[in-house]
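Kindly generate the complete structure, drawing on both the sequences and the hints.
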Amino acid sequence: NAGVTQTPKFRILKIGQSMTLQCTQDMNHNYMYWYRQDPGMGLKLIYYSVGAGITDKGEVPNGYNVSRSTTEDFPLRLELAAPSQTSVYFCASSPLGAGIQYFGAGTRLSVL
Amino acid sequence: GQQVMQIPQYQHVQEGEDFTTYCNSSTTLSNIQWYKQRPGGHPVFLIQLVKSGEVKKQKRLTFQFGEAKKNSSLHITATQTTDVGTYFCAGPGGSNSGYALNFGKGTSLLVTP
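Respectively, the protein sequence lines represent chains V and U.
Be aware that the first sequence starts at 1, since it is given in this note's numbering, and climbs by one per residue.
Be aware that the second sequence starts at 1001, since it is given in this note's numbering, and climbs by one per residue.
Quick caveat, the hints were computed from the structure, so don't treat them as lab data.
Among these hints, one or two may not hold up.
As the list claims (entries may be wrong) - Reference excerpt, derived from the structure (chain V facing chain U, CB under 8 Å, subset only):
id, residue
1, PHE10
2, PRO39
3, GLY40
4, GLY97
5, ALA98
6, ILE100
7, ALA105
Claimed, not checked - Straight-line alpha carbon distances no greater than 20 Å define the calculated EDC-like cross-link-like pairs of lysine to aspartate or glutamate that follow:
id, chain 1, residue 1, chain 2, residue 2
8, U, LYS1059, U, ASP1018
9, V, LYS44, V, ASP56
10, U, LYS1105, V, GLU59
11, U, LYS1036, V, ASP38
12, U, LYS1056, U, GLU1015
13, U, LYS1051, U, GLU1067
14, U, LYS1059, U, ASP1083
15, V, LYS9, V, GLU79
16, U, LYS1105, V, ASP38
Glycine residues also receive a C-beta, built at the ideal position from the N, C-alpha and C atoms.
Following this line, the structure appears as structure tokens:
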């Protein structure tokens, strides 16, 4: 059982480039989340999904986009990367609303 | 919106000393969860507290949920170097955020042998 898998683990982008962070879970969880973590801070919610075909904005959605075409996959798209998007990105899934969340290993992104 | 605050931000102890981190929410919580993140790692679930006044133990770790369900604490007895990491408390938001967790900023624990 792989759990939540994120790719890539590390990435360096130039300002203005775009990329997609991949997230896949094999636990058949309906709830999926994208968080970003900046040094010394907690995790901030970027986008969430309560099931396939349903997504919505979190606390810090600007500069990002998501899609949820299947239960398993929840990719995060960065358009026109900016230095402010340098962060560690975590994808998480949960079987229940307000339930335990299972995190992927994270993607460490630098925008230079 | 709901805010979750944790203190202290950092704690440096000698191995064998005790450690406590405190968590306070601006709103009443349906449950509170604790996660541990090792340096360079990802958050890993430790425990969930649901009932008012609940106390749960995991070996040397003791978790408490306040009577008003707005505060919580994590106490580690006789710390070990394996306890190093950042401990986060988190409370679920409402349906308007997909019940995403609102995390405190965490308490980073450093244990010196």
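So, going through the hints one by one against the coordinates:
1. PHE10: violated, 11 Å
2. PRO39: This hint is violated: PRO39/V lies away from chain U, its Cβ roughly 11 Å from the closest one there, beyond 8 Å.
3. GLY40: Interface hint status for GLY40/V: holds (7 Å vs cutoff 8 Å).
4. GLY97: holds, 4 Å
5. ALA98: Status holds, d = 4 Å.
6. ILE100: Because about 5 Å separates ILE100/V from the closest Cβ in chain U, which is inside the 8 Å limit, the hint holds.
7. ALA105: holds, 5 Å
8. LYS1059/U with ASP1018/U: Distance ~13 Å between LYS1059/U and ASP1018/U Cα, so the pair holds.
9. LYS44/V with ASP56/V: holds, 14 Å
10. LYS1105/U with GLU59/V: holds, 15 Å
11. LYS1036/U with ASP38/V: holds, 16 Å
12. LYS1056/U with GLU1015/U: With a Cα-Cα distance of about 23 Å, the restraint between LYS1056/U and GLU1015/U is violated, given a limit of 20 Å.
13. LYS1051/U with GLU1067/U: holds, 8 Å
14. LYS1059/U with ASP1083/U: Distance ~12 Å between LYS1059/U and ASP1083/U Cα, so the pair holds.
15. LYS9/V with GLU79/V: holds, 19 Å
16. LYS1105/U with ASP38/V: Holds, at about 10 Å.
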